[in-house]
Structure formats: C-alpha cells, structure tokens
Amino acid sequence: MDDKRMHEKTKTVAGIAAGLQGMTYDDKRLAELAAEVEILNDAVRKAAAQRLSFDDDPAAFASILAKEART
Amino acid sequence: MRNDDLALEDLTAIADAIAARRITSVEATEACLARIEAWQPRTNAFLRIYRDKALAQAKAMDAELAAGKSRGPLHGVPMAHKDMYYRKGELSTGGSAIRRDWRAPVTATVLGKLDAAGVVELGFLNMAEFAAGPTGHNVHHGHCRNPWDQTRVTGGSSSGSGASVGARMVYGALGSDTGGSIRLPAAACGVVGMKATYGRVSRAGAVARSWSLDHVGPLTRTVRDNARMLGVIAGHDPDDSTTSDKPVPDYEALLEGGVAGLRIGLALPNDGPAPLDAQIGAAIQAAADALGRLGAKVSTVTLPDFTALYRAAEVMVKCEAAAMHRPWMEKTPELYANQVRTRMEAGFFIPATQYIDALRLRTHFVTEFLSTAMDGVDAVLLPAIPFPLPTIEETDTETKGGPAVLKMVAGFTGLTRPFNTLGIPALSVPCGFDSNGAPIGLQLVGRPFDEAMLYRIGHAYQGATEHHLKVPV
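First to last, the protein sequences are chains A and B. Numbering (the numbering used here) for the first sequence: 46 to 116. Numbering (the numbering used here) for the second sequence: 77 to 549.
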C-alpha cells in the first residue's frame with residue numbers, strides 16, 4: 046500500500062473508531078488496524094465478487110452440510 | 077489390572093473393566109489422581125482439581141453398578157474438561173482473568189450428557205484465554221507445558237485437554253475447536269482429537285470464540301475412545317439451534333470396517349501460511365504408506381488455495397469476538413493479554429457487509445472443496461501442524477513481538493482453520509515423533525457428517541502402528 050492510500054485508510058479507521066464505535070487508539074495502532082482490515086476486507090470482497098449472487102443466503106451453509114452428508 | 081497401571085489404560089479398557097466390575101470407578105479415579113499429583117507440577121494442565129468431589133462421584137457410580145444400574149459405556153470413567161464448559165453455580169474462567177471468580181448460571185449440554193452417562197469429573201483444565209491462541213500460552217493462569225518436553229508448546233487453545241490426556245492424567249477430555257483448537261493440542265501432545273461436523277455437537281453452555289466456527293469435541297488416547305465419547309455427546313440440542321437432527325451413528329460399532337478398497341487422498345501442501353517441514357512430510361507419507369499396505373487406495377490430491385477461505389474465517393472470528401467482548405474491551409482492556417485483545421480489535425472496523433459475505437461464501441467453499449480435493453476419495457490425509465513443535469519461549473507473542481514470531485504462531489492453524497470454515501469433520505491422530513522427540517499428528521478430513529469414516533481409517537491405522545501407545549516419562 047502506498048503512503049497516501051495508507052494514510053486515507055488510517056483516517057477512515059480513525060473516523061469509525063471515534064465517530065461510530067466510541068473508541069480511541071493512537072496513530073500507530075490505527076495504522077496497524079487499517080492495514081489488517083484492508084487485507085481481510087479485500088480478500089472477502091474479491092472472493093464474494095467471484096462467487097456470490099443475489100440469492101446466496103448465509104443459512105444455506107447448514108443445508109449444504111446436510112445435503113452433502115455421507116450418512 | 078494392577079492399580080498402578082490403571083491410569084495408563086485407555087478409556088474403553090477402563091470403562092469395560094468398570095462395567096464388568098473387574099475394577100471400581102474409585103480405583104480408576106484414585107489412579108488418575110495419583111497421576112495428576114505427579115504430572116500437574118510438570119504440565120500445569122489443570123486449573124482446578126476436584127479430588128474429594130470426584131471420589132464421592134466415583135463411589136456413587138460404583139454403588140449404582142452394585143445395585144444393577146448402568147448408565148452406559150462411560151459409566152464411572154474419570155475425565156476433566158477445558159475450563160469453558162459451564163456447570164451451574166461453579167467457577168468457569170474461560171482461561172481468563174476477567175472471569176477468574178465468575179460462576180456459571182447454567183450447565184453446558186455436553187456436561188449434562190456426560191453426567192447422565194456416569195462420567196466422573198476430576199476438574200477443569202487450562203486453556204488459552206477465551207480460547208484465543210493456538211499454542212497453549214496463558215499469562216493469567218500460567219502456560220500449559222507439553223508432557224513430552226516441558227519446554228515445548230502443547231498447542232491450543234485446548235492446551236490442558238491435550239496435556240492431561242497425553243500425560244495419562246485423564247482418560248478423555250472435552251476441547252473446543254474454532255481454528256484447530258482440538259486438533260492442534262491433540263497433535264502436539266500425541267493424542268486423538270475430533271472436530272466433528274458443524275452442528276454435530278451442541279455448543280450450548282460453552283464459552284464462544286466464534287459462534288459460526290466453534291466446534292465442541294473430544295480428546296482421547298485412542299480412536300476407539302474418541303468414537304465412544306463422541307457417540308455420547310453428539311446429537312440435536314434444542315438449546316443450540318445450529319445442531320443437526322440427523323441421527324447419531326454408533327461410531328464404535330462402525331470402527332472395524334478396515335480400509336481395504338477405501339480411497340484416501342494424500343495432500344502434502346507446501347504453499348500454506350507455513351511451509352511443510354520435511355520430517356513432518358515424511359511422517360505423513362509413512363502414514364499413507366501404512367494405510368496403503370492395509371489395502372487403501374492412496375492417491376495424491378491438491379488442496380485448493382485456502383487464502384480466501386482463511387481470510388473469511390478471520391473476518392468471522394474477529395467480528396463475532398469483537399461483538400461479544402466489547403463491554404470488557406471498553407471497561408477493562410488491561411485484563412486481557414495484549415495478543416488476545418489486539419487480535420479482536422479489527423472486528424470493530426470490518427464492514428458488516430463483508431462479515432455477511434464471509435458467511436455467505438461458506439456454501440461455495442464447501443461445494444468447491446467437495447468437488448475438487450474430495451472428489452472421488454473417502455477422506456483426505458494431511459498434516460495437522462506443518463512444522464516440528466517450537467518451544468514456549470520462541471512462540472511467546474506477549475514477550476516477543478515481531479513478524480517472524482507472529483508468522484510462526486499463525487502458521488499453526490494454516491492446515492486446520494480451513495476445515496472450521498468448511499464445517500466438515502477432521503480427526504487428528506498421532507503418527508510419529510519429530511527429531512526433538514515431540515509428537516507429530518496426521519489429520520484426516522471427511523465429507524459432512526462422515527465422522528464414522530474418519531474413525532474407521534484412524535482405527536485401522538492405530539491397529540497397524542504403535543505411536544499412540546507411547547507414554548511420556
């Protein structure tokens with residue numbers, strides 16, 4: 046991540062912390078959290094774009110296990 | 077059986093001896109207590125030992141048998157459990173400082189089932205703080221130490237469960253597994269651990285790490301022991317809506333099918349979060365060869381790229397943990413170990429849409445895995461931990477920071493966590509020892525609700541090998 050983007054992400058996390066979650070962190074920790082969230086967020090967003098459609102329901106997970114059961 | 081040998085017997089041998097009244101539950105309990113006295117100082121596996129209560133319970137179980145009443149295949153067997161299973165009115169720390177003096181308002185469904193089956197409770201076991209951590213470190217209650225080498229980690233988070241079964245202090249123990257927390261300590265301590273299918277065992281009354289990924293399961297000395305214990309604790313529970321109403325098979329009765337003609341896919345992945353060490357790879361290959369000699373058809377399979385699946389699991393754990401821990405994280409953050417608290421914090425900043433998408437992705441991940449790595453095979457064989465066990469000191473993230481240590485610790489779950497996301501069953505079985513003398517564990521992964529197949533393969537393997545019979549000295 047380049048410095049400018051990193052700075053923007055950190056500002057976003059800082060805004061959520063203070064404005065939405067009522068939490069305070071120092072700048073170093075905010076930067077660490079921004080980097081961590083970016084990795085997780087991007088991985089899920091990419092996987093979702095490749096696989097998910099309108100009708101995908103979280104509850105289908107239990108159904109697929111039951112349907113694919115060997116016994 | 078001589079009394080001083082009793083603690084070294086396995087669960088089924090002891091249970092059958094008690095049932096046949098060749099020994100008493102009191103004798104088995106006394107043998108375990110003597111073993112605990114010798115090994116607790118070396119392992120720190122127990123947080124609380126219930127000596128008097130256990131003996132009283134054992135005496136009651138003997139009286140019931142004498143009166144002709146049997147509670148079933150675990151009647152009178154002494155066990156202990158990870159300190160995250162609630163028992164109404166009693167302490168339940170979850171391995172934390174926050175709940176050091178907290179008493180549970182209910183009894184966990186699984187403890188209720190074990191009570192009904194006549195199990196004697198020797199106490200509660202050490203664990204990673206709030207089940208967060210794959211190594212067995214605990215800054216509040218002291219680190220749990222591996223019975224095979226007390227400088228090395230036990231694996232976690234069910235550290236005391238692995239250590240107490242490995243050191244022959246108990247015949248079986250409950251653990252829980254969100255990213256490997258049954259299978260890692262089982263592998264590290266030379267015992268058998270089952271993470272069954274999501275929904276197979278109730279989570280009601282157990283401390284949650286992540287509701288979506290938590291699995292309750294047994295750690296034992298043999299596969300047969302494990303099958304017996306799972307048979308007792310599995311099944312639908314109205315107090316846990318995620319449990320399945322599928323009938324629970326008689327796992328023990330299905331053990332003897334052998335592996336002739338079964339198709340086993342061998343995976344030796346070298347591209348996970350940690351590279352596969354050569355001696356671990358050799359031990360897994362040797363296990364595959366042993367199964368091949370028993371008649372299994374072993375073929376090489378390639379695992380899909382688990383990166384997205386692993387990240388989706390991290391999203392679920394962090395978001396769910398952040399939600400449940402929020403009040404304590406705000407009021408008393410200093411009561412957490414730093415590495416436990418900081419691992420949850422990102423959960424406050426991940427958008428809810430990404431959390432929901434992580435949940436929605438699971439169905440696709442299951443379909444993809446079953447149609448690729450598991451296509452045409454009855455089970456996949458792979459390592460549980462891809463490297464030789466490190467020491468407690470070199471993996472202490474609380475005192476040693478830095479990317480190398482964090483990477484090593486993260487590497488523990490590289491081959492276990494994916495199966496929590498998939499929700500499919502995975503069994504860890506001892507398969508040798510590394511050059512330091514620490515155990516190595518293989519992992520067998522199966523189709524949903526096919527625990528019986530994994531037990532069948534694991535049992536055949538244990539019938540042809542002796543790794544599980546070795547006892548730490």
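It is possible that part of the hints are untrue.
[Stated by the list, open to error] Selected chain B positions facing chain A (Cβ under 8 Å, derived; list incomplete):
1) E421
2) R436
3) R438
Don't read these hints as lab results, they were simulated from the structure. We put the beta carbon where it would ideally sit given N, CA and C, even for glycine.
Against the structure, the hints come out as follows:
With its C-beta approaching chain A no nearer than about 6 Å, E421 (chain B) sits inside the 8 Å limit, and its interface hint holds. Given hint, R436 (chain B) at the interface with chain A, holds; its Cβ is 4 Å from that chain's nearest Cβ, closer than 8 Å. Interface hint at R438 (chain B): satisfied, since its Cβ lies 4 Å from the closest Cβ of chain A, which is below the 8 Å cut-off.
Checked against the numbered hints given earlier, the structure satisfies every one of them.
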